[in-house]
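Enquirer: So you can see what is in the structure, the chains are spelled out below.
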Amino acid sequence: METLLQYINIAGTFAFAISGSLTAMKKKLDPFGILILAFVTSVGGGTIRDMLIEKRTAFWLVELEYLYVIVAGTIFAILFRKKLSYLRKTIMLFDSAGLGLFTIAGVEIALQHGFSSVSCIILGTITGSFGGVIRDIFANEVPVIFRKEIYATVTVLGGICYLLLRKMGFDFILVQLIPVLMIIVLRILAVYYKWSLPLIIVNENEDPERL
Amino acid sequence: METLLQYINIAGTFAFAISGSLTAMKKKLDPFGILILAFVTSVGGGTIRDMLIEKRTAFWLVELEYLYVIVAGTIFAILFRKKLSYLRKTIMLFDSAGLGLFTIAGVEIALQHGFSSVSCIILGTITGSFGGVIRDIFANEVPVIFRKEIYATVTVLGGICYLLLRKMGFDFILVQLIPVLMIIVLRILAVYYKWSLPLIIVNENEDPERL
Amino acid sequence: METLLQYINIAGTFAFAISGSLTAMKKKLDPFGILILAFVTSVGGGTIRDMLIEKRTAFWLVELEYLYVIVAGTIFAILFRKKLSYLRKTIMLFDSAGLGLFTIAGVEIALQHGFSSVSCIILGTITGSFGGVIRDIFANEVPVIFRKEIYATVTVLGGICYLLLRKMGFDFILVQLIPVLMIIVLRILAVYYKWSLPLIIVNENEDPERL
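From first to last, the protein sequence lines are chains A, B and C. Under full-length UniProt numbering, the first residue of the first sequence carries the number 1, and numbering increases by one thereafter. Under full-length UniProt numbering, the first residue of the second sequence carries the number 1, and numbering increases by one thereafter. Under full-length UniProt numbering, the first residue of the third sequence carries the number 1, and numbering increases by one thereafter.
Keep in mind the hints are simulated off the structure, nothing from the lab. This one's a predicted model, so the numbers in the text were calculated from it and none came from an experiment. Careful, some of the hints might be misleading.
Identical copies carry no separate label here, and so any pair may be met within one copy or between two of them.
Claimed, not checked - Quick list of in silico lysine-lysine cross-link-like pairs, DSS-like style, CA-CA up to 27 Å:
id: 1; residue 1: Lys194; residue 2: Lys27
id: 2; residue 1: Lys167; residue 2: Lys26
id: 3; residue 1: Lys194; residue 2: Lys26
id: 4; residue 1: Lys28; residue 2: Lys83
Chain A extracted, bound-state conformation:
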């Protein structure tokens, strides 16, 4: 089981690296810029988590396998950049897997450091989604997570689910698998059915009666 989760984790890193690379190529960055954007997209969320918690060195400085996976993901994205537009669904699947796994990994690490439930869910959300935030800031865009696809909302729900299952004493494998699958499925449904949170409109000139 440990190995299955590890495979998903590597697939998530790989997928985030591809997502970062594609953004970088759209922005016409040079190959090194592509690698850096792949890197920050993959490790950004976990790095911020580690910087927020006292006594944590950024995980990728110690677990080097992530770096190799990122390099592989970047090369893959460069080589198959033509085909990747047809693979959008596959990428989104991997990206959702990464989102789910990273979120739950973040919640678990926060729990091990003794934080409260609320802090754990926030650290999980940061782990899962802030890599994409840094990617978008580096690419000089308003982070997509703030704008659509209820990206962060899904991670919060997954984090809450994880804490509930863990408290109820479920088997550890189920405790991990169910919220990860839940995040993946919800995210895919959200993209497929274009779910989004309602927009809140502010317009000082608009007619108050019409809202």
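Starting from the known structure of chain A, fit chains B and C onto it as the hints suggest.
Expert: Below, chains B and C without anything else, positioned relative to chain A:
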């Protein structure tokens, strides 16, 4: 007195949450995006301070009351978004209170970690004003603090005032209140009278004699 | 020798401060904004390095001389902003010296914390080049390092060279000087001959046969 300061602190967090929410709504972010922007505006400065200092966990991971105040501030801003344009002065008052309190809190925490005066003032300025910097970067704008209202200048003056009063052995309540009030008053005067530092113009094509 | 390296280090900080100030003046920031941009450009890379490593306080909170050099560099840039367009080559020389020295300093600090070669090179690259990344993000632009002048590539090569020389047991002075000079020379040659990594073009509409 402790409670008075705590009230101001909570009011500051509340005000920064409103300020972040209003920016988010102007950028048409979804409700979760609004909450995140409120969050980073409120806790961003203190978080960077805590990450710069060895052996500090980000304060809001431990003191959860800040999170609840931020959620309340965000809901308040969403509900009263129509009215808040009339409340601009009130918001600015709260925002200035937050700026003053956060700055002094940052200076005090830095002092407790044994840093030099210069480092304390810098950490105070970061605590007071970098929440707004992150807010503006997330909203894809050049941070307003760099451009007008002598925002950061006021915090530096407040920090210096705090260190001087502390060294002169004033009563602890006065040592805290005077610089906070000074920052609030200076900031309000700066906005009211449109004070700003002189712009330094660089234009390689312009006539050197005319400058 | 220690003093020579220290002079280069100070020159690097000075040059990065000038580089940040010039960017800030182009963006019409106010004097305090100029100082902050000079500050983050100079210390940004080393600060991120220190935040990534457990048990490191940001270096400039302890070694105050960097702050004074930054203030001096900012004042210099403001006073001589007219002349600095003629001094572009001089600035680039200092900037490259800073890049080289900061990179090697970053690699060395990482080694002392017991990280692997790959992590050391990454931390070196971050130390040398992420000050410029933060400068560009604050100025609301896509970081220049991602786009041209093989900035980051040169630091990676310098870092590898440093590790190789160190392993081969060369004299400590040579181990430090050779990679620093190598980064400086390569960077200057890259700017002079307009070296850059090949762009990878992604255009979903373009004819696949033509690529």
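Enquirer: The structure should be examined with respect to each hint, and the outcome stated for every one.
Expert: Now the hints, each set against the structure:
Proximity of lysine 194 to lysine 27 under the C-alpha cut-off of 27 Å is found in both arrangements, the shortest distances being 25 Å within a copy and 20 Å between copies. Within a single copy, lysine 167 and lysine 26 get their C-alpha atoms no closer than 44 Å, and across copies no closer than 40 Å, so neither meets the 27 Å cut-off. Proximity of lysine 194 to lysine 26 under the C-alpha cut-off of 27 Å is found in both arrangements, the shortest distances being 23 Å within a copy and 22 Å between copies. In this homomeric assembly, lysine 28 and lysine 83 come within 27 Å of each other (Cα to Cα) only inside a single copy, at 18 Å, whereas the closest approach across copies is 33 Å.
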